[in-house]
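Novice: Just need the whole structure built from these sequences, with the hints factored in.
4 protein chains.
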Amino acid sequence: MKPYFNSNPYNNVEVYTDLAVEAHNLAVKRTGGEVPGVSVREEIVENAKITRIEVLNQQGAEAINKPVGTYITIESQDLRGQNRLAHDKLTDIFATELGNLINFDAIRPHPNLEPTIFVVGLGNWNATPDALGPHALNYLMVTRHLYQQAPPELRKGLRPVCALAPGVLGLTGVQTAEIIKGVVQLVNPDLIIAIDSLAARSTDRLARTIQISNTGISPGSGLGKKRLAINQETMNIPVIAIGVPTVVNAITIVNDAMEQLIQGELFSPTERERFRHIEEAEKKRLMANILSPYMGDLIMSPKGIDELIKDVGRIIGGGVNVALHPDITPENLSLYL
Amino acid sequence: MKPYFNSNPYNNVEVYTDLAVEAHNLAVKRTGGEVPGVSVREEIVENAKITRIEVLNQQGAEAINKPVGTYITIESQDLRGQNRLAHDKLTDIFATELGNLINFDAIRPHPNLEPTIFVVGLGNWNATPDALGPHALNYLMVTRHLYQQAPPELRKGLRPVCALAPGVLGLTGVQTAEIIKGVVQLVNPDLIIAIDSLAARSTDRLARTIQISNTGISPGSGLGKKRLAINQETMNIPVIAIGVPTVVNAITIVNDAMEQLIQGELFSPTERERFRHIEEAEKKRLMANILSPYMGDLIMSPKGIDELIKDVGRIIGGGVNVALHPDITPENLSLYL
Amino acid sequence: MKPYFNSNPYNNVEVYTDLAVEAHNLAVKRTGGEVPGVSVREEIVENAKITRIEVLNQQGAEAINKPVGTYITIESQDLRGQNRLAHDKLTDIFATELGNLINFDAIRPHPNLEPTIFVVGLGNWNATPDALGPHALNYLMVTRHLYQQAPPELRKGLRPVCALAPGVLGLTGVQTAEIIKGVVQLVNPDLIIAIDSLAARSTDRLARTIQISNTGISPGSGLGKKRLAINQETMNIPVIAIGVPTVVNAITIVNDAMEQLIQGELFSPTERERFRHIEEAEKKRLMANILSPYMGDLIMSPKGIDELIKDVGRIIGGGVNVALHPDITPENLSLYL
Amino acid sequence: MKPYFNSNPYNNVEVYTDLAVEAHNLAVKRTGGEVPGVSVREEIVENAKITRIEVLNQQGAEAINKPVGTYITIESQDLRGQNRLAHDKLTDIFATELGNLINFDAIRPHPNLEPTIFVVGLGNWNATPDALGPHALNYLMVTRHLYQQAPPELRKGLRPVCALAPGVLGLTGVQTAEIIKGVVQLVNPDLIIAIDSLAARSTDRLARTIQISNTGISPGSGLGKKRLAINQETMNIPVIAIGVPTVVNAITIVNDAMEQLIQGELFSPTERERFRHIEEAEKKRLMANILSPYMGDLIMSPKGIDELIKDVGRIIGGGVNVALHPDITPENLSLYL
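Line order of the protein sequences matches chains X, A, C and E.
UniProt numbering puts the first residue of the first sequence at 1, with every later residue one more than the last.
UniProt numbering puts the first residue of the second sequence at 1, with every later residue one more than the last.
UniProt numbering puts the first residue of the third sequence at 1, with every later residue one more than the last.
UniProt numbering puts the first residue of the fourth sequence at 1, with every later residue one more than the last.
Don't take every hint at face value.
Unchecked claim - Result set (EDC-like, lysine to aspartate or glutamate): computed pairs, CA atoms no more than 16 Å apart in a straight line:
1. C:K89 with C:D311
2. C:K49 with C:E75
3. C:K49 with C:D92
4. E:K49 with E:D78
5. A:K310 with E:D256
6. A:K49 with A:D204
7. E:K303 with C:D92
8. E:K29 with E:D256
9. E:K310 with A:D204
Unchecked claim - For each label pair, taking beta carbons as the anchor points, the in silico distance ranges come out as:
10. A:N188 with E:D78: 55 to 65 Å
11. C:Q232 with E:N332: 57 to 67 Å
12. A:L228 with E:K49: 52 to 62 Å
As the list claims (entries may be wrong) - Incomplete in silico selection of chain C near chain X, CB under 10 Å:
13. N83
14. R84
15. L85
16. D88
17. T329
18. L333
I should point out that these hints are in silico values taken from the structure, not numbers from a laboratory.
Where is the CB? At the ideal position from N, CA and C, for every residue including glycine.
Specialist: So this is what it looks like as structure tokens:
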């Protein structure tokens, strides 16, 4: 969720989003049709809509400003509700998608050994909307320390899982990716799963969308500050990223206000026409101007965010358990925690 | 902080604020000059600006949509910083203003008895920006239960203080004012001090302003939902309200965006002129339109709100201690907690 | 949980317990057989043992130092485990016993009206083992404020429930019973359910026992400090008390140590015999001596108490929901929260 | 604080303590005089007593069951009080002792470079008495990430400090020492300061004693389970350990009960004499018997532990700031947080 918190007014006037599905929509709007290098498939299931975006090549990556790879988005109104049955179904859907994205056979250290998975809860536990990662770890079944001592028949349905909430740079003085890399070098896991809060463009998606991707996390893309990424390149093992949007960028509202204002009936067609031809740079300057008092300062998060973080954390943590351990199902999940 | 959380799109398009100083500024802007029935005095002190607004009569009350009474606003950049020395000075300034607003002699139950003060921490402890009241009570010195047993020489520098965080309707199923009134009827305090989070119009004021008023709290004024007020009329004893803005209304940003857009250089003078004459009703409809996806849903609070609530809660709780107990000063405050 | 926290060495050397089942056991040990005025029935069900103690008259009340009334104890190893299925069964057992103890018809304010129930979460949320009551309220379905506006068909399966966590004397400066009474006088509920942490004699019972009684809560019985009770006499409506032991008294361990030491093989039969004849008063003085450095100072609570309070709070809060609302069952409980 | 939580009845019947000062007292009691290989100096200062124990050689290490090195104990009643002035003095005393134990010149990576210090907050943030380390980090000034970018004149009075709360094995599935070592290998600090909760023998010392040592932390010494130590040997850089006792072992109370019972007047001189000659092994068996129902289960921590952890955490975190940064003093400490 770095982009939200590190705002360079002029760069940031681009409507940034962590969600590939939003980035793709913006690209479609810009190009007016298909985005070359990006394939999109949608599927409607009970309780949710699943969108699978493949960024196929560098052209696609540049078009939507996301690295090459797979982005799965699960959208559901129920994520934000309090219906536990619906939550259980979402846990199931999420676990299935996550499980499908992980190639367990490919990451085995040895044909007879289960891979060790390192789950990282990113974000700042002292800032409610940024605390999803640490919260999700509360619901994670950590097994690595028990696994080696367990008899083979018990091990069978489980995989060794370890976990860490590394905090944020301001709390530790160390780049998050460095802490993770340090642990990776000693513990030698075979896969990293990183859970993080995201910034979305649309308030509709707040706490209603789960994104799973196999591209890792590249904080600060498009921002001035360069931070070490958490991905296969830096960690030397695959990195799956799981994120849920919990904040929106102030620019979204201003942008929408401007567009609606200008497209609206308050203006005559010629006025509208004239405005359309004002240069992009000029518009951006104006928006930066309007936004400057709010930038880097305002958190725009859903009402009830304190509770939402807990609820969504339970779904994410629970779903990771189901995806990682063969013997755990959404039905018996509660027996394991 | 009710207005923020109960939004009726059409009513709420009025730029609502809990701060008298903002309401007065809006009225000045509207009338273009003095607001009849309202007197304003400003004072610059070290570290802070103090504004004293007197709503003198019904005309003034209607002009700024606040009950007749005194509203003292302390504004300081330091409230939001982490400089403890500056916090100590603000505690002192706040305590002095609060102490001046309380007429201890008038509320004594008997010439020889100190008045009992009931401090109420309003708001929802499960929603970070709404949790200022409950947090402030953590720093309050509660003495009523010790007072009666204390020997006269110890009592001398202290006053009997009791406290309650009554929660919110959604948590208790009981109107907050009813809980307070129930306790008041049994405990018979002589003054209520109610601490609450407020909604401001300007993000600049978030966690940078303390408002003290002797008019109590009248939740829901201007909103559809009518809630029982917490004021002299309902409680039969004086009620001092202390508030700090922790959220801003989404409408503020849209409103500012519209104004800046229209006043800006993008439009020709004739366009601007024409826009100025578009009816208010039409403008409101447009704004409600722009805002509708965000209403009742988005919390806009300052970054670092979790920490700010703690810091400001300490200043408020500490300042109330200094104001209420003759023997407590900003210097020796820490000895008492 | 007052007895634990207010220790008068000499009085407290009596092995105090909040649990009727333990008090009865002690009486049996003393008398060597039946305790007149007290009837006891045990029932073994799946996952739990239920003990129903009736204190029939004043003689029984004095024998076990508990007021006349019914005390139901549900004991289960599963309360302390993390098996959600077992938790669901315990929720069911608890809800059934609680429901049976409430005579809903008798407390209706009018033949056509459902009674209003006021659930009180006693204890100090800042002291982990004392925070059970406030925590249980997090899982309570509060309906009173919605009930009046709900259409009759929705009301049918629900009852109006309100709730408050009144804090403790040290936090509020007001006796807990006074706060409750104030709210009762304004809200006019028909039944109070008070949830509290208890002190047990045996560590085996910590977080493994639920006690339900219809005698209310009489804090400080046997202690120097007299506090206002929360019972039918003081509140003018029935009071059901629900408690779970979360601390043990230090005296328990010392007492056990002494007994084992003396009964053990270290001593010759004649030594043991002699010791048996040492006066009770002398033994108490010795124990008070041994205990004095620990009294009023040490909390002895189970390992993992932070998590236990949350888990048990969910079972208690959930069970109260099932007991109070006809439409809520252990199966659909999660849909209501 | 491992020994407390991992109890092997027979081993643990030895009265274990994390405090060198208690271990030394026990050895003195056993030997009846001086303990060879251990030197002890006491100093009384305002507000506190400082004991400096040097374990000089292997003989001393075995005698008190602590590694060779320096152990400084600061004892003060004020640590547990709420007097902020006294807390400030303790912060000063603690910072001075800590600063003296660190040889900053010896750990400089280069004559012109300040050493980087890595502060580790050990323990489980979900178990109140074990949460001291994580809490202390809340008050730590973390500078490493700012240090490199800061201009030389700002750097001058500060040193680069980074921090991590690595959790516990049960939360992460990774040995704490492994996480720390991983970070150490990547970040290359020059000194580790590890803050932890300790187990004491005497309840008098709970939250009243700070121990500083240069021997690091060797969890599990004397216990069955072997855990990787955090010391110069394992980390390749010096490790300073800071600890405050927050729990006592149940065995302490039983042991005291037995001793007082036997030494007391209840027994005749001949009985006492006979008891003295009962074999140690027999006594231990008896104690293990008495204790078995409580072992591994009961936490015995001071009343008000939730608040104590916060208060002591502030003193420790603040004192570390003063010790590490030349420009920070107890007086201006609050300006830096």
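Novice: For each hint, tell me whether it holds in the structure or not.
Specialist: Hint by hint, here is what the structure shows:
For the proposed pair K89 of chain C and D311 of chain C, the alpha carbon gap of about 14 Å is at most 16 Å, so the pair holds. Between the alpha carbons of K49 of chain C and E75 of chain C the distance comes to roughly 5 Å, so the proposed pair stays at or under 16 Å and holds. For the suggested pair K49 of chain C and D92 of chain C, the alpha carbons sit about 14 Å apart, so the restraint of at most 16 Å is met. Distance hint between K49 of chain E and D78 of chain E is fulfilled; the C-alpha atoms sit about 11 Å from each other, no more than 16 Å.
About 43 Å separates the Cα atoms of K310 of chain A and D256 of chain E, which puts this hinted pair outside 16 Å; it is violated. Distance restraint check for K49 of chain A and D204 of chain A: the Cα-Cα separation of roughly 14 Å lies within the 16 Å cut-off, and the hinted pair is therefore satisfied. A threshold of 16 Å between alpha carbons decides the hint, and for K303 of chain E with D92 of chain C the separation of about 34 Å lies outside it, so the pair is violated. In summary, the hint linking K29 of chain E to D256 of chain E is supported, as the alpha carbons are separated by about 14 Å, within the 16 Å threshold.
For the suggested pair K310 of chain E and D204 of chain A, the alpha carbons sit about 32 Å apart, so the restraint of at most 16 Å is broken. Between N188 of chain A and D78 of chain E the beta carbons are some 38 Å apart, a value that contradicts the proposed interval 55 to 65 Å. About 60 Å separates the C-beta atoms of Q232 of chain C and N332 of chain E, a value consistent with the hinted range of 57 to 67 Å. The hinted range of 52 to 62 Å is satisfied by L228 of chain A and K49 of chain E, whose Cβ atoms lie roughly 57 Å apart.
The closest approach between the C-beta of N83 of chain C and any C-beta of chain X is roughly 6 Å, which is under the 10 Å cut-off, so the hint is satisfied. Look at R84 of chain C: its Cβ gets to within about 3 Å of chain X, closer than 10 Å, so that hint holds up. Using the Cβ-Cβ criterion of 10 Å, the hint placing L85 of chain C at the interface with chain X is satisfied: the shortest such distance is roughly 6 Å. The restraint placing D88 of chain C at the interface with chain X holds, with a minimum CB-CB distance near 9 Å, inside the 10 Å limit.
The beta carbon of T329 of chain C is not positioned within 10 Å of any beta carbon in chain X (closest approach about 13 Å), and the interface hint is therefore violated. The interface hint given for L333 of chain C is met, as the beta carbon of that residue sits about 8 Å from the closest beta carbon of chain X, less than 10 Å.
Against the hints set out earlier in the document, violations occur for numbers 5, 7, 9, 10, 17.
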